[in-house]
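Engineer: With the hints in hand, could you dock these two chains into one complex?
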Amino acid sequence: MKLFDPHIHMTSRTTDDYQAMAAAGIVALVEPAFWLGQPRTHAGTFEDYFLALLGWERFRAQQFGIRHFCTLSLNPKEANDPRLADEVLALLPRYLEKDGVVAVGEIGYDDQTAAEERCFAAQLVMAREFDLPVLVHTPHRDKKRGTERSLALLRETGFPPGLALVDHNTEETLPLVLEAGCWAGHSIYPSTKMDEPRMVALVQTYGPERILVNSAADWGVSDPLKVPKTARAMREAGLPEDTIETICWRNPVRFFSQSGRLEMGAVAETPAVDQRLLWEGNSVLRGQAPRVDR
Amino acid sequence: MTDSLPSAVAAVVCGRVPPEAASWLRESAALSARSADAFRRAWSAAGRRLGRAPLALPTTDIGRLGRDGAAFALQTWATDECGRGVLLAAALSGLSPAEQAPLVAELYRTGEVRERQALLKWLAFLPDPQRFVAVAVDAVRNSALPVLEAITCGNPYPAAFFSEAAFNQMVLKALFNEIPLRRVLGLHERRGAELARMVDAYASERRAAGRQVPADAALVTGDLRA
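From first to last, the protein sequence lines stand for chains A and B.
Under the working numbering, think of the first position of the first sequence as 1, with each following residue one higher.
Under the working numbering, think of the first position of the second sequence as 1001, with each following residue one higher.
I should point out that these hints are in silico values taken from the structure, not numbers from a laboratory.
Any given hint could be a false lead.
Facing chain A, a subset of chain B residues (Cβ under 8 Å, in silico) [said to hold, decoys possible]: (1) ARG1040; (2) ARG1041; (3) ALA1045; (4) GLY1047; (5) THR1110; (6) VAL1113; (7) ARG1114; (8) GLU1164.
Chain A regions said to be covered by chain B (calculated; three or more residues, Cβ under 8 Å) [as the list claims (entries may be wrong)]: (9) 73 to 82; (10) 94 to 105.
Every residue, glycine too, gets a C-beta built ideally from N, C-alpha and C.
The following block holds chain B by itself, in its conformation from the complex (with noise of 0.2 Å):
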């Protein structure tokens, strides 16, 4: 799977941007398989060659994508996150496993804020994505609203391999930053005891200052004491 699905979005980005930027995107996607420093580049310049407009993909298109996790995310990503997926592929298949996962993390320490926004969209995609727990752990403590949409939201990377703690701040965090629950993929197959306290203390600081409680902290409490 994580072979074909950047060379199934690949062929996507290309059939929907201009010439010149799918003959970019290829000639990119095969420099970065021989060359990081070639890859760190188009990288940073994927936005303006490939354009930002979310790919909003038909029906028709996501269901030959196969994959539910992939064809899901697929519907919010926007063009150059997509390409960016396609680059990162090709540049991780030139490395040995040992050379991947630092690279990863130095996407994310050097990145601008549409970088990270991409580079946590595909965590979940990448080989062996249980090795960048660090990274996705350290994008929910940033709260740079589209950074942290980008892995709490429509993301299956936190509920397949966070912690129980790593995972119960990312929803309060979420809860601070009003993004609604329903957005945060597993909730309800990752909640337990411990963040319905959490998110029960929360409500009663609220409280106790005169301000309203998130409706969504029900998500998390609710259901577990009926």
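So that you can see chain A by itself, here it is in the shape it has in the complex (with noise of 0.2 Å):
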């Protein structure tokens, strides 16, 4: 079976994660933009972030036969540095433009504060201006009333529920997003977030339909293997393969289709390796005889 993690902060991973990933299945990604465990001081650096999505990231999955695609955006967090924030909101649309952004995110809040307000509903509007879904953030502090506050803008603002994924859920927000007619994610993680057992019986409360798992891993610690774990949390509870298949593949595939840049056929089909490809001048390989599929 073919997986997608829709949400790995892959920068902040090695490429033994890479190759760890692709040997247990997963064939795709989306790396959302988010922050980098301290707060940025330039606009310029989250322009060179953007640039490493698109381009060196793009490129280091590829030699480990991985697709890698991005969501970009100024992260709830870092919404609350007013300078910044404008400065970031500024440069973003000419970024959203570009091949392999499949969404708007993560956007939302954190600490609910008015100025992540402001930057999440503009983002909304640019995200409807460049036809794109969006990914939205759920903050781990007072998570409910932050979920309850995300779809409510997103029902105010009269943003499609369709083309929103609303993230990180626990047994109290999922049933809220899938009332709202979003698509739901969830983080399973070592400790915190959600994990294999409990995401194993929200599958058979409320079935596949619109339900996602990801391993947001980041810089901390965090997974990468997480959905093929839950996968295999699944299949050992019998839930069927046609429901595994859904969460783990098909809604990832089909939310983030609505973009018109997913590329299924190309998504579909593991891309050739030839890591004999150089980026920048660093080549991933150190020594090693290069893989090269023919």
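Structural biologist: Here it is as structure tokens:
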């Protein structure tokens, strides 16, 4: 079964991770733009980050047979720096039209401030202008209220719910998101957010429709193999193969295809690997024989 | 020539893509001449709008385009690359000469891979191409193979406008990346004693490390010593 990780921050992962992900069946992923663990101080570093997602990271993934797509945004945390926020919002339109950008995201609330709401709303407007879906981050603190406020903002601004993937759900937020008509993401984490047994229970209750799972792996303690591990947990719990495939492959493909930039045909085939390719003078290889698929 | 090549290319592309893609290209080119923002958006969307298949022109079509350099280049260009050149020529026509070079530099800086490829392939066919030498030299430092090949292979720009030092670095970089030197236009005319020395030194380093010397090294050094 082909697997899709619809939320993973590969810029902070190693080539060992890429190898393990490919070996576990992951053939496509979406890397959302988020923060880097500490606040940035210049809009220019956002621009270079966007270019890295559109260039180097796409190339790096391809070296291991994985298709790399991204979502771009000003994230909720850094929306709270007003000078930076306006500069980043101003440069986003320059990048949203580019190939491989399959949504605006992550956007949403973190501390649930007025500044976050202003940037969230402004980027919903941009998503409509560029015909893109949105990836909505829900806060870790006061999560249920933050999710309710996110769904309310989508409704008030007339954003089509089928174009919104609301992420990091729990037992308490999933029913709200499904009822609103949005897609629901679940970040399977080693100790926080959601875990495999709880995810199995949610699927047993709600079925597979509009439900996605992701690893949300980044620079913190996280596991880039959580999608294959959750697929295995669902299989061991006796869930049908069709349900597992819907959650771990078809749903992310359907959701992000709404961008018109996922290029289904290309995604369905494993890209040919040619590790002889170089990027910016650096090969990902360090002396070992390059793998070349012919 | 610089006025007529984009229109000839536009006619070829429009004749080969579906009608809605052809009207998109015509309308976007007209818009690009009036608005730099409209141009930037069309520039990024061109791959999805026009497709990325090689143009693979029949020789009769190439003959009609005239100019050897352009004809040679177009054989290897893809539909989106051709379309992007049409849009860029239109955008430049709407700008003063002082505004043109900054736009070209900006497109390179903010471009993703295919956008950069298209830009580099068109450089030699833009008005006053010597203005863009800094962009072209910078592209050689970027070893993303598709980008590096766009400036190094089948491109008349480096031989025409690079300094000796920049041209030599490009040839050495091509050797490092196993790009066949036969694809470097003007190598025979531009190679000199300094390039032969650099390639010899590289060959010596490879031999000392017990590695193979690329066969193409002889294209630079062999004839000169003979």
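Engineer: Hint B/ARG1041 vs chain A: min CB-CB distance below 8 Å?
Structural biologist: At 5 Å from the nearest chain A Cβ, B/ARG1041 passes the 8 Å test, so the hint holds.
Engineer: Is the coverage entry for the segment 94 to 105 of chain A by chain B consistent with the three-residue Cβ rule at 8 Å?
Structural biologist: holds (count 6)
Engineer: Would the hint on B/ALA1045 stand, with a C-beta cut-off of 8 Å toward chain A?
Structural biologist: Because about 6 Å separates B/ALA1045 from the closest Cβ in chain A, which is inside the 8 Å limit, the hint holds.
Engineer: Do at least three Cβ atoms from the segment 73 to 82 of chain A come closer than 8 Å to Cβ atoms of chain B?
Structural biologist: Not satisfied, violated; 0 residues make the cut.
Engineer: Take the shortest C-beta to C-beta distance between B/THR1110 and chain A; is it under 8 Å?
Structural biologist: The hint holds - B/THR1110 has a Cβ within 8 Å of chain A, the shortest such distance being about 6 Å.
Engineer: Is the hint on B/GLU1164 kept, meaning its closest Cβ partner in chain A is under 8 Å away?
Structural biologist: violated, 22 Å
Engineer: Have a go at the B/VAL1113 hint: is there a Cβ in chain A nearer than 8 Å to its own Cβ?
Structural biologist: At about 6 Å, which falls below the 8 Å cut-off, the nearest Cβ of chain A leaves the hint on B/VAL1113 intact, so it holds.
Engineer: Does B/GLY1047 pass the interface check with chain A, least Cβ-Cβ distance below 8 Å?
Structural biologist: At about 5 Å, which falls below the 8 Å cut-off, the nearest Cβ of chain A leaves the hint on B/GLY1047 intact, so it holds.
Engineer: Going by Cβ atoms only, is B/ARG1114 closer than 8 Å to chain A?
Structural biologist: Status holds, d = 7 Å.
Engineer: So, as I understand it, the hint says B/ARG1040 touches chain A; can you test that by seeing if any CB pair is closer than 8 Å?
Structural biologist: With a closest approach of 7 Å, the B/ARG1040 hint holds.
Of the hints listed earlier, those the structure fails to meet are numbers 8 and 9, in rising order.
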